[in-house]
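Top line first, the protein sequences correspond to chains U and W.
Using this note's numbering, the letters of the first sequence correspond one by one to residues 6 to 429.
Using this note's numbering, the letters of the second sequence correspond one by one to residues 6 to 531.
The hints are simulated quantities; they were obtained by calculation from the structure and are not laboratory data.
Just to be clear, a hint being listed does not mean it is correct.
[What the hints assert, rightly or not] Computed Cβ-Cβ distance ranges for the label pairs, DEER-style:
| no. | chain 1 | residue 1 | chain 2 | residue 2 | range |
| --- | --- | --- | --- | --- | --- |
| 1 | U | 211 | W | 494 | 57 to 67 Å |
| 2 | W | 423 | U | 318 | 23 to 33 Å |
| 3 | W | 199 | U | 384 | 36 to 46 Å |
| 4 | W | 68 | U | 277 | 44 to 54 Å |
| 5 | W | 212 | U | 318 | 51 to 61 Å |
| 6 | W | 459 | U | 211 | 35 to 45 Å |
| 7 | W | 68 | U | 123 | 37 to 47 Å |
| 8 | W | 319 | U | 249 | 25 to 35 Å |
| 9 | W | 257 | U | 428 | 37 to 47 Å |
| 10 | U | 302 | W | 257 | 19 to 29 Å |
| 11 | U | 123 | W | 49 | 36 to 46 Å |
| 12 | U | 249 | W | 99 | 57 to 67 Å |
| 13 | U | 249 | W | 517 | 51 to 61 Å |
| 14 | W | 424 | U | 228 | 57 to 67 Å |
[Claimed, not checked] Straight line, CA to CA, 30 Å or less: simulated DSBU-like cross-link-like pairs of lysine-lysine:
| no. | chain 1 | residue 1 | chain 2 | residue 2 |
| --- | --- | --- | --- | --- |
| 15 | U | 230 | U | 277 |
| 16 | W | 347 | W | 327 |
| 17 | W | 419 | W | 327 |
| 18 | U | 343 | W | 140 |
| 19 | W | 458 | U | 305 |
| 20 | W | 261 | U | 338 |
| 21 | W | 325 | W | 355 |
| 22 | W | 325 | U | 319 |
| 23 | W | 423 | U | 305 |
| 24 | W | 423 | U | 35 |
| 25 | W | 140 | U | 411 |
| 26 | W | 119 | W | 248 |
| 27 | U | 230 | U | 219 |
| 28 | U | 305 | W | 347 |
| 29 | W | 458 | U | 319 |
| 30 | U | 66 | W | 347 |
| 31 | W | 248 | U | 35 |
| 32 | U | 343 | W | 261 |
| 33 | W | 423 | U | 319 |
| 34 | W | 490 | W | 419 |
These numbers were taken from a predicted model, which means no experiment stands behind them.
Note that beta-carbon positions come from the ideal geometry of N, C-alpha and C, so glycine has one too.
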Amino acid sequence: MTLQEMEEMMDSCVRCSKCKFIPQIAIRSKRFSHICPSIEFFNFHAYSGGGRMILANAYLKGRIELGPDALHVLYACTNCGGCEVSCKWVYDLEPNEVIHEFRVKAVECGLGPLPKHQKYIELVSRVGNPYGEATDNRSIWSNGLELNTSPDSNTVYFVGCTTAYRRPEIARATALVLSAAGVNFRVLGTDETCCGSPVYRVGDLDRAVEIMKKNITDFKKKGIKRIITSCAGCYNMFKTEYPRYVEHDLEVFHISQVLDELIDDGKLKFNKDFHVSVTYHDPCHLGRMSEPHKPYDGEKIEVISQVFIWDPPKPVRQGADGEYDASRNILQKIPGVKLVEMERIREYAYCCGAGGGVKSAFPEFALWAACERVAEAESTGADVLVSTCPFCSTNLQDAIRSRESKMRYMDLTEVVLNSLEGVE
Amino acid sequence: MLEDNVYWALEAIVGHSNITRSPAILESYAFQWGFEIESAQRGEEPSRFGQRPAAVVLPASTEEVQAIVRICNEHNVKFKAISTGMGAWAGISSPRSILIDLRRMNRIIEINAKNMYAVIEPYVTNAELQAELLKYGLMHHAQGAGPQTSPLASHTSFAGPGFTSPYTGHSDRNLLGAEWVVPNGDILRIGSFDQTGQWFSGDGPGFSLRGIMRGWLGAYGGLGVFTKAAIKLYSFPAPSDWKWEISGTIPHYDWKVPPFWKLYVPNFEEWEQFENALYELTGQDAVMMATSSSAEGLAALFTDTKMEAIEVIFAGLLAKAKRYFIVLVAAHSEREFKYRDKLVRHIIEKYDGEDLIETGDISPRPSHYAESIRNMLGGHAFRFSNCFQSTHGGMDCISLAVRIAQENRPVKEKYIDKGVIGDDRGEGIWITTYEGNHMAHLEVPTVYNAADKESCMGYAEYQNECNRVDLERALGMPFFIVGDKIHDIFGQRTMNYPRWLRRIKAAFDPNGVSDSSHYITAQGDE
Numbered sequence: 006m007t008l009q010e011m012e013e014m015m016d017s018c019v020r021c022s023k024c025k026f027i028p029q030i031a032i033r034s035k036r037f038s039h040i041c042p043s044i045e046f047f048n049f050h051a052y053s054g055g056g057r058m059i060l061a062n063a064y065l066k067g068r069i070e071l072g073p074d075a076l077h078v079l080y081a082c083t084n085c086g087g088c089e090v091s092c093k094w095v096y097d098l099e100p101n102e103v104i105h106e107f108r109v110k111a112v113e114c115g116l117g118p119l120p121k122h123q124k125y126i127e128l129v130s131r132v133g134n135p136y137g138e139a140t141d142n143r144s145i146w147s148n149g150l151e152l153n154t155s156p157d158s159n160t161v162y163f164v165g166c167t168t169a170y171r172r173p174e175i176a177r178a179t180a181l182v183l184s185a186a187g188v189n190f191r192v193l194g195t196d197e198t199c200c201g202s203p204v205y206r207v208g209d210l211d212r213a214v215e216i217m218k219k220n221i222t223d224f225k226k227k228g229i230k231r232i233i234t235s236c237a238g239c240y241n242m243f244k245t246e247y248p249r250y251v252e253h254d255l256e257v258f259h260i261s262q263v264l265d266e267l268i269d270d271g272k273l274k275f276n277k278d279f280h281v282s283v284t285y286h287d288p289c290h291l292g293r294m295s296e297p298h299k300p301y302d303g304e305k306i307e308v309i310s311q312v313f314i315w316d317p318p319k320p321v322r323q324g325a326d327g328e329y330d331a332s333r334n335i336l337q338k339i340p341g342v343k344l345v346e347m348e349r350i351r352e353y354a355y356c357c358g359a360g361g362g363v364k365s366a367f368p369e370f371a372l373w374a375a376c377e378r379v380a381e382a383e384s385t386g387a388d389v390l391v392s393t394c395p396f397c398s399t400n401l402q403d404a405i406r407s408r409e410s411k412m413r414y415m416d417l418t419e420v421v422l423n424s425l426e427g428v429e
Numbered sequence: 006m007l008e009d010n011v012y013w014a015l016e017a018i019v020g021h022s023n024i025t026r027s028p029a030i031l032e033s034y035a036f037q038w039g040f041e042i043e044s045a046q047r048g049e050e051p052s053r054f055g056q057r058p059a060a061v062v063l064p065a066s067t068e069e070v071q072a073i074v075r076i077c078n079e080h081n082v083k084f085k086a087i088s089t090g091m092g093a094w095a096g097i098s099s100p101r102s103i104l105i106d107l108r109r110m111n112r113i114i115e116i117n118a119k120n121m122y123a124v125i126e127p128y129v130t131n132a133e134l135q136a137e138l139l140k141y142g143l144m145h146h147a148q149g150a151g152p153q154t155s156p157l158a159s160h161t162s163f164a165g166p167g168f169t170s171p172y173t174g175h176s177d178r179n180l181l182g183a184e185w186v187v188p189n190g191d192i193l194r195i196g197s198f199d200q201t202g203q204w205f206s207g208d209g210p211g212f213s214l215r216g217i218m219r220g221w222l223g224a225y226g227g228l229g230v231f232t233k234a235a236i237k238l239y240s241f242p243a244p245s246d247w248k249w250e251i252s253g254t255i256p257h258y259d260w261k262v263p264p265f266w267k268l269y270v271p272n273f274e275e276w277e278q279f280e281n282a283l284y285e286l287t288g289q290d291a292v293m294m295a296t297s298s299s300a301e302g303l304a305a306l307f308t309d310t311k312m313e314a315i316e317v318i319f320a321g322l323l324a325k326a327k328r329y330f331i332v333l334v335a336a337h338s339e340r341e342f343k344y345r346d347k348l349v350r351h352i353i354e355k356y357d358g359e360d361l362i363e364t365g366d367i368s369p370r371p372s373h374y375a376e377s378i379r380n381m382l383g384g385h386a387f388r389f390s391n392c393f394q395s396t397h398g399g400m401d402c403i404s405l406a407v408r409i410a411q412e413n414r415p416v417k418e419k420y421i422d423k424g425v426i427g428d429d430r431g432e433g434i435w436i437t438t439y440e441g442n443h444m445a446h447l448e449v450p451t452v453y454n455a456a457d458k459e460s461c462m463g464y465a466e467y468q469n470e471c472n473r474v475d476l477e478r479a480l481g482m483p484f485f486i487v488g489d490k491i492h493d494i495f496g497q498r499t500m501n502y503p504r505w506l507r508r509i510k511a512a513f514d515p516n517g518v519s520d521s522s523h524y525i526t527a528q529g530d531e
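With the hints as extra help, turn the sequences into a complete structure.
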């Protein structure tokens, strides 16, 4: 849907502020009642899901211009989708989709994204990753590892830019665990380039679609039929966003899903106790944001006067079908690991604060949000904060350092690796 | 526009990052649910966009609020304060106005379990307060506007009935004191606090002033700023080791229902049976919830999605649900529960009713118990069209509520026939009893389409007609009686009460800076 097509929906916002909180039924304390890091940090209503819908609506109606302040509001948002989960408890509104479409519009008008985003987009175009790292260094993470990879396998472990260049421990653990389980897979090494996530999230749709097309073509050429990612952002792109713009029949899995199945099939057996109390952070892009956009072809009909429904029923993308259980299943199967939950979990998990271009353009806000999440993790009494996304990892570890927290951060794959004797 | 010196003076109070005059940010304060009806009533194009404030400030303390109000008086700038800020009354009415957004004032100052009161700031929400009170085995009265709204706003400035009203009353009745920055910038602390340092009583020792500050319905933000409220608490009927636990995934959550809780939907053929049964039930002061709506409303309340509600409606509920009310018995002990359960069953039998839950016509889930107590059920009404508004609104006795429902039906049917409002066969009402006796509130929630001009215009016309019916047939004061014009219309037949409101307004707001658009002006509507 274009922004114009969303106008009627935006007119329907009742400014109730539910988008600022986790679903009301799930609130168990005042401290952890919020869902939106942006409104909590910036406070003005515009910085909420509903506020941004008003902003987009006002722009569409010619009431405001897309100046620096409007762009600040538009981009100081992790686009985490929390607002939409809470809103859809009652309403047929999609604030998170509006925010994304508004960013697309800003780019179309030549006003967005922000300079920091433009810089990394240029790097993605030039060197295939947003960090400006040399392509040759993409495989450094595997140096010294004896991996049982098969260059002709139709299953690829897609490492992703952040894992390859910034969180190599995740790449190593993932590859070692897959090898230990006897999974036949390959890595693309220096042939791997950005999935397009950082470009797509800030609204540069044309360039993101180019990247999507290129990646799909490359995968086809290489005979790849199955993708495994250890990055929630890459997973979300291949699984959820690519099919909106590019046809593909690739099977896409997150490493947590693969490991959960390997454990169930007896192909991965834990042989070392890991006595630790952990709490699990749901990455937005693996959880609520990974729910597929199902193609829909139907019409709105008036079933009772002024009450409209979609015929046939339109799938509601509410966060229910995100991936929440695989990581929890794994953690609960590791001998010695005790999982204690935070208050905000699953589809109403609090965002780590890094996504949507926020970490690069608003580092202070990103760190603040991560500190909020770490504070919540600390409140469980757990020793280790576990997640399964390199971007969350970086931001949450920044927060652990900033807060001088006693918690440790581990990626799910590292926890698994730690429970496998003799694999290193 | 504000002059730079005024803006800078405000900035000096709250700091650079807590004030804005950026049009983009201000615009998000110019949009309100209900503006589309008010603009239609003024004969304008219906729109949720209204007046943009000249600036928005985010104070963090009473002292900052006071300083802001003094600046407004000094420079003839109007102001309005909002907490969670939902509804037309949260908007401002003239260009030279600022909005005081109180969201940084969000502390629960005190939970006094022994004397059963809590002291809260404006941006504490009902759900947040309830979550904290449950840890003490206590609960408060939460207004029907929803769990995400401010109990302080309702207790100080609105009538505020809610789903637990039979047990907890309505907002007006639960205020034990308030800290009030009056329109000239003075600070008043009313209730027992000023005398004793404790907020256990709203009526002294010390000044009450509740009649002054809110009268019957509240001043809707038109008489200064409330920065703290002390509110009454109630025992939460659950064992001390019970905790609020949610499991499952949206939209079908599961909730651990406390022992000795049960929902009933007694359904009767005729209004007379309904009325007698309701009088008898609530007269026993034995229930947490006693509330009524239409068949469509019942379907919405006890389902999780719009499609599910529509399926239930067409599966037969429409034919089956006649005159019903929903009862929640929430007892502290098995013995108490057995008595109350017996009482409800006895009343159903006595008035030839049947329990629609027992017959299987409607099946509330555990999550609906949670939503009942968290005051979330009213929000379900938004599922039909993303929008509804209420007309009428008497807060009187059960029989008057029934009478309004009957008088309203043919009026509503006219607009249903025009196709401008939702078709609930004229049956769409919300009745809740309050204070465990003969008292009841009625309003008429009505679905319309905010994105459709004809629907907005039609609803506005319907609301105007409802007001006329209230006046001509002596059905009580409308719930949303706001602004000079409507106060004056009703004042003609109610001992000219606006004259007194205006005297209060003139005395407390000599410069007329506290936005009166949803209250009353000292000089009247010229």
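For the pair we were handed, residue 423/W and residue 305/U, check the Cα-Cα distance against 30 Å. With a Cα-Cα distance of about 20 Å, the restraint between residue 423/W and residue 305/U holds, given a limit of 30 Å.
Status of the given 51 to 61 Å range, CB of residue 517/W versus CB of residue 249/U: 55 Å, holds
Is the hinted range of 37 to 47 Å satisfied by the C-beta distance from residue 257/W to residue 428/U? Since residue 257/W and residue 428/U have Cβ atoms about 40 Å apart, the given range 37 to 47 Å holds.
Given the hint of 19 to 29 Å, is the C-beta distance from residue 302/U to residue 257/W inside that range or not? Holds, since residue 302/U and residue 257/W (Cβ atoms, about 27 Å apart) stay within the stated range.
Taking 30 Å as the top limit, are the C-alpha atoms of residue 458/W and residue 319/U close enough? Holds: residue 458/W and residue 319/U sit about 25 Å apart, inside 30 Å.
Verify the CB-CB distance for residue 68/W and residue 123/U against the hinted window 37 to 47 Å. 44 Å, holds
CA of residue 261/W to CA of residue 338/U, is that 30 Å or under? It holds: about 26 Å lies between the C-alpha atoms, which stays within 30 Å.
Compare the distance between the alpha carbons of residue 305/U and residue 347/W with 30 Å, and conclude whether the hinted pair is satisfied. 47 Å, violated
Does the Cβ distance between residue 423/W and residue 318/U fall inside 23 to 33 Å? 29 Å, holds
Could you check the hint for me, namely that residue 319/W and residue 249/U are 25 to 35 Å apart, CB to CB? 34 Å, holds
Hinted pair, alpha-carbon criterion (30 Å max): residue 458/W, residue 305/U. Please report holds or violated. Holds, at about 18 Å.
A range of 35 to 45 Å was offered for this pair. Does it hold for the Cβ distance of residue 459/W and residue 211/U? 39 Å, holds
Hint violations for this structure: numbers 4, 12, 15, 24, 28, 30, all remaining hints satisfied.
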